[in-house]
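Peer 1: Now for the letters of each chain:
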Amino acid sequence: MRPRNYGFLLACLVARDFKIRYRNMSLGVFWSLLNPLVLMGVLTFVFTKIFRPAGVENFHVVVLSGLIVFSFFSLAWQSGTMSIYGNAALIKRVPMPRELLPISTVLANGLHFLIQIGLLLALALLAGYRATSLWLLLPLIFGLEVIFVCGLALISSALDVYFRDVRYVVESSTTVLFWLVPIFYSFAMIPPEYRDLYQYNPVAAVVLACRAIILENRVPPTSLLWKLPVVSLSFLVFGYLLFRRLRRNFADYL
Amino acid sequence: MPRVRFERVTKIYRRQSRQFFWRFLVETLGGRRSEPIYALREVSFEIGAGRALAIIGRNGAGKSTLLSLVAGLTAPDSGAIEVDGRVLALLELGSGFHPDLTGAENLRVNAALCGLTRRQLRQRFDEIVEFAELADFIDEPLRTYSQGMILRLAFSVAIHAGADILLLDEMIAVGDMDFQRKSFRRIRQMKQQGRILLCVSHVPEILKELCEEAIWLESGRIVQYGPAEEVIDAYAGGAPLYGGRP
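Going down the list, the sequences are from chains A and B. Take the first sequence: its position 214, counted from the start at 1, is 214 in the working numbering, and no numbers get skipped. In the working numbering, each residue's number is its place in the second sequence (first place is 1) plus 254.
Okay, chain A solo, but in the shape it has when bound (with noise of 0.2 Å):
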């Protein structure tokens, strides 16, 4: 295949995915607010009312902003994985790079992650956090997910073809990782023995990372702010060699 520009064929693939999702319901796109909004109540409710834990500051800020960092790893990389079989027309079809498949399924749960982030800073502010310039990091942080996310989901489409198995296999894993992120709970909660196990887990670094610049108004810790980028993107390289080794027989195995 000849070298070509497929920025507008991934541009269309995200889009069409985003529109799918909430196609022909009234609500629309509200759906990606009010999902973690429904969440953040019934999780403050059970953990200020009924478990009552000592002192902590609006603890909805805190439990949303653990919310949709986790929310939109779970969705992307489920979605992500399904992408590639649950579009076996196009690749028995059409000629094109099939990793755009999982990274645009990916970047559309993108856009609900960036709607979600304008709720948390909204509510955030309006809880009485600052902003400050050190939100300005909140891109590169949330970016650094995002290319997370693309390189797990680049690894787990092209095995899902190969063995069916692996849906289930992630599917399992973000139900146990919903408790093993701090969502509910802070960081500060962790024993210290486990910290530095949990600095690798990038959904659980970015958590981290966001809420130390939102609600603490500090730099988050740099043993974090280099694992981050560190294991994201050899995420991404090795999601992509792999993709790229078991695309050949897609066609064969779908």
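Incorrect hints may have been included.
Claimed, not checked - Partner residues aside, some chain A positions facing chain B, computed with beta carbon under 8 Å:
#1 L13
#2 L90
#3 P95
Calculated directly from the structure, the hints in this document are not laboratory data. Backbone N, C-alpha and C fix where the C-beta goes; we use that ideal spot for every residue, glycine too.
The hints should help you fit chain B onto chain A, whose structure is shown.
Peer 2: Okay, now just chain B, sitting in the frame of chain A:
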């Protein structure tokens, strides 16, 4: 100048084991392989600018495999394939269409998949809609379209994509008589501009009308390769529809 050349191309499919995991392991470790099935065996042909090639044969003879190889959708097991020019496969029109999106939205995605750039699409959008005769419905969701309308839309996008090599799989006869006539005119015009056509069809009249040359495939081998008229008649003679020639 666009060109397609196959030299002793062989494509093997193996019996599909239901256990993908074992199959994957065995194949990657290069161990014992299952019984091969030849989809194509030592197929050679060449076709140059402005020519059309018909591919005929019974179901399972390897026609679609041949087109997939030209499009680069699968890789050959041995032999050499040379394809100069941008290929557009109309193996199944409307791949990637989504019923909930409007005609215009589907048109955009489909055009991008067919290789149009943003600027080219802007220039040709109206022309595509007009050729498909869908101006009144283009902002309606695709699920309200009839099958004929969907095919017209996909076909119109494809012929406006500006590919050098067009692969048509049973998709030449689209729409009503008027639309077919218009499509035929357009395809002939594209041939005059130097595009290459590879057609698979079970309608001999269409193939004779469009193509100069034909390949008759049987179980992956070329039975006959030559002038379209001759090969198609030989094929029709050898495989009579109702048990004997009238």
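Peer 1: Check the structure against each numbered hint from earlier and tell me which ones fail, lowest number first.
Peer 2: none
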